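Undergrad: Chain by chain, the residues:
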Amino acid sequence: GAGVSQTPSNKVTEKGKYVELRCDPISGHTALYWYRQSLGQGPEFLIYFQGTGAADDSGLPNDRFFAVRPEGSVSTLKIQRTERGDSAVYLCASSPGVAGSTGELFFGEGSRLTVL
Amino acid sequence: KNQVEQSPQSLIILEGKNCTLQCNYTVSPFSNLRWYKQDTGRGPVSLTIMTFSENTKSNGRYTATLDADTKQSSLHITASQLSDSASYICVVHAGNNRKLIWGLGTSLAVNP
Chain A
1 GAGVSQTPSN KVTEKGKYVE LRCDPISGHT ALYWYRQSLG QGPEFLIYFQ
51 GTGAADDSGL PNDRFFAVRP EGSVSTLKIQ RTERGDSAVY LCASSPGVAG
101 STGELFFGEG SRLTVL
Chain B
1 KNQVEQSPQS LIILEGKNCT LQCNYTVSPF SNLRWYKQDT GRGPVSLTIM
51 TFSENTKSNG RYTATLDADT KQSSLHITAS QLSDSASYIC VVHAGNNRKL
101 IWGLGTSLAV NP
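Protein sequences, first through last, are from chains A and B.
Numbering follows the working numbering, in which position 94 of the first sequence is assigned residue number 94; successive positions increment by one, without gaps.
Numbering follows the working numbering, in which position 72 of the second sequence is assigned residue number 72; successive positions increment by one, without gaps.
No wet-lab data here; the hints were simulated from the structure.
There's no promise every hint is true.
[Said to hold, decoys possible] The following residues of chain B were derived to be distant from chain A, with all beta-carbon distances above 10 Å: (1) Gly16; (2) Lys17; (3) Thr56; (4) Ala68; (5) Thr78; (6) Ser80; (7) Gln81; (8) Ser83; (9) Ala86; (10) Ala109.
[Unchecked claim] Negatives, chain A to chain B, calculated, CB over 12 Å: (11) Lys11; (12) Thr13; (13) Gly16; (14) Tyr18; (15) Val19; (16) Glu20; (17) Ser27; (18) Gly28; (19) Phe65; (20) Glu71; (21) Val74; (22) Arg84; (23) Gly85; (24) Val115.
[What the hints assert, rightly or not] Dumping the calculated DSS-like pairs for lysine-lysine here, alpha-carbon to alpha-carbon at most 30 Å: (25) B:Lys71 / B:Lys1; (26) A:Lys11 / A:Lys78; (27) B:Lys99 / A:Lys78; (28) B:Lys71 / B:Lys99; (29) A:Lys17 / A:Lys78; (30) A:Lys11 / B:Lys99.
Small disclaimer: the values here were computed from a predicted structure and weren't measured.
C-beta atoms are modelled at their ideal positions from N, C-alpha and C, and glycine is treated no differently.
Go ahead and model the full structure; you've got the sequences and the hints to work with.
TA: Encoded structure:
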């Protein structure tokens with residue numbers, strides 16, 4: 001597609017529920033990132049994919065968070081047993097080539113998650 | 001510890017005026033420095049990416065400077081427009097890993 005697409009744009013759920021957030025990167029971009037952004041804060045790194053594999057998942061806060069990218073394109077961020085502290089905007093970004101270069105990151109509009 | 005600090009935290013200027021935003025970093029080894037613009041409720045959009053050897057880079061009315069010796073960068077906005085109202089975030093890429101170190105941003109409001 002023309003840009004990075006994230007769905008849903010807004011998700012309201014109850015504490016303890018399971019949530020999936022989807023990211024469709026720019027076609028051909030091999031690198032994909034997930035970030036979490038709370039109000040008034042900069043994006044917080046969660047996980048980075050190069051192709052199908054998670055090259056760096058050190059930002060995932062705990063084992064309730066998991067992300068996949070089975071075919072090296074679309075990625076899904078999965079959050080189990082959601083907590084109120086998980087409420088944030090989840091941003092996805094893609095980049096051509098390998099990270100460590102000056103490749104630009106192209107961000108989606110984010111998925112706003114609210115856990116009641 | 002790798003850190004990126006931005007100042008001021010927030011800024012209000014009148015339409016048509018110029019402004020300069022500051023970024024200091026303690027990231028090592030340095031790979032590149034990026035400025036992003038983030039409108040409220042939107043994802044960040046890249047303005048400039050500067051490597052070690054680049055001192056200045058322009059993108060329309062936005063001009064970024066980089067002093068790798070003092071580890072400082074600035075973003076200068078010329079002839080501001082109402083649409084410039086946004087958060088401007090400085091991001092430094094550490095060369096030894098794939099992580100980007102994000103500043104907290106400067107919130108700019110341009111008033112008519």
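Undergrad: Decide, hint by hint, whether the structure agrees.
TA: Hint check:
Remark: the non-interface label on Gly16 of chain B is consistent with the geometry, its nearest Cβ contact in chain A lying 28 Å away (cut-off 10 Å). Remark: the non-interface label on Lys17 of chain B is consistent with the geometry, its nearest Cβ contact in chain A lying 25 Å away (cut-off 10 Å). Annotated as non-interface, Thr56 of chain B keeps its C-beta farther than 10 Å from every C-beta of chain A; the closest such distance is 16 Å. For Ala68 of chain B, the shortest C-beta to C-beta distance to chain A comes to about 15 Å, beyond the 10 Å cut-off, and the non-interface label holds.
For Thr78 of chain B, the shortest C-beta to C-beta distance to chain A comes to about 23 Å, beyond the 10 Å cut-off, and the non-interface label holds. No beta-carbon of chain A is positioned within 10 Å of the beta-carbon of Ser80 of chain B; the least distance is around 22 Å. Distance check for Gln81 of chain B against chain A: the nearest CB is about 22 Å away, which clears 10 Å, and the non-interface claim stands. In this structure Ser83 of chain B is separated from chain A by more than 10 Å, as the shortest Cβ-Cβ distance comes to about 17 Å.
The beta carbon of Ala86 of chain B is kept farther than 10 Å from every beta carbon of chain A, the shortest such distance being approximately 13 Å. Once the 10 Å rule is applied to beta carbons, Ala109 of chain B is consistent with being away from chain A; the minimum gap is 14 Å. Once the 12 Å rule is applied to beta carbons, Lys11 of chain A is consistent with being away from chain B; the minimum gap is 15 Å. For Thr13 of chain A, the condition that its CB be more than 12 Å from all CB atoms of chain B holds, with the nearest at approximately 20 Å.
In this structure Gly16 of chain A is separated from chain B by more than 12 Å, as the shortest Cβ-Cβ distance comes to about 27 Å. Against chain B, the non-interface label of Tyr18 of chain A holds: every CB pair exceeds 12 Å, the least being about 25 Å. No beta-carbon of chain B comes within 12 Å of the beta-carbon of Val19 of chain A; the shortest separation is about 19 Å. For Glu20 of chain A, the condition that its CB be more than 12 Å from all CB atoms of chain B holds, with the nearest at approximately 19 Å.
Once the 12 Å rule is applied to beta carbons, Ser27 of chain A is consistent with being away from chain B; the minimum gap is 18 Å. Distance check for Gly28 of chain A against chain B: the nearest CB is about 18 Å away, which clears 12 Å, and the non-interface claim stands. Even its closest Cβ contact with chain B, about 17 Å, leaves Phe65 of chain A beyond 12 Å, as expected for a residue assigned away from the interface. No Cβ of chain B approaches the Cβ of Glu71 of chain A within 12 Å, the least distance being about 21 Å, so the stated non-interface status holds.
Annotated as non-interface, Val74 of chain A keeps its C-beta farther than 12 Å from every C-beta of chain B; the closest such distance is 17 Å. The claim that Arg84 of chain A lies off the interface holds: its Cβ sits roughly 21 Å from the closest Cβ of chain B, which is beyond the 12 Å cut-off. Even its closest Cβ contact with chain B, about 19 Å, leaves Gly85 of chain A beyond 12 Å, as expected for a residue assigned away from the interface. Even its closest Cβ contact with chain B, about 19 Å, leaves Val115 of chain A beyond 12 Å, as expected for a residue assigned away from the interface.
Of the supplied pair hints, the one linking Lys71 of chain B and Lys1 of chain B holds, its CA atoms being roughly 14 Å apart against a limit of 30 Å. A hinted pair counts as satisfied when its Cα atoms are at most 30 Å apart, and Lys11 of chain A with Lys78 of chain A qualifies at roughly 13 Å. Restraint check for Lys99 of chain B and Lys78 of chain A: satisfied, since their Cα atoms lie roughly 21 Å apart, inside the 30 Å limit. At most 30 Å may separate the alpha-carbon atoms for a hinted pair to count; Lys71 of chain B and Lys99 of chain B meet this at roughly 18 Å.
With a C-alpha separation of about 11 Å, the suggested pairing of Lys17 of chain A with Lys78 of chain A holds against the 30 Å cut-off. Note on Lys11 of chain A and Lys99 of chain B: the hinted pairing holds, with a Cα-Cα distance of about 27 Å set against a maximum of 30 Å.
Violated hints are absent here; each numbered hint is respected by the structure.
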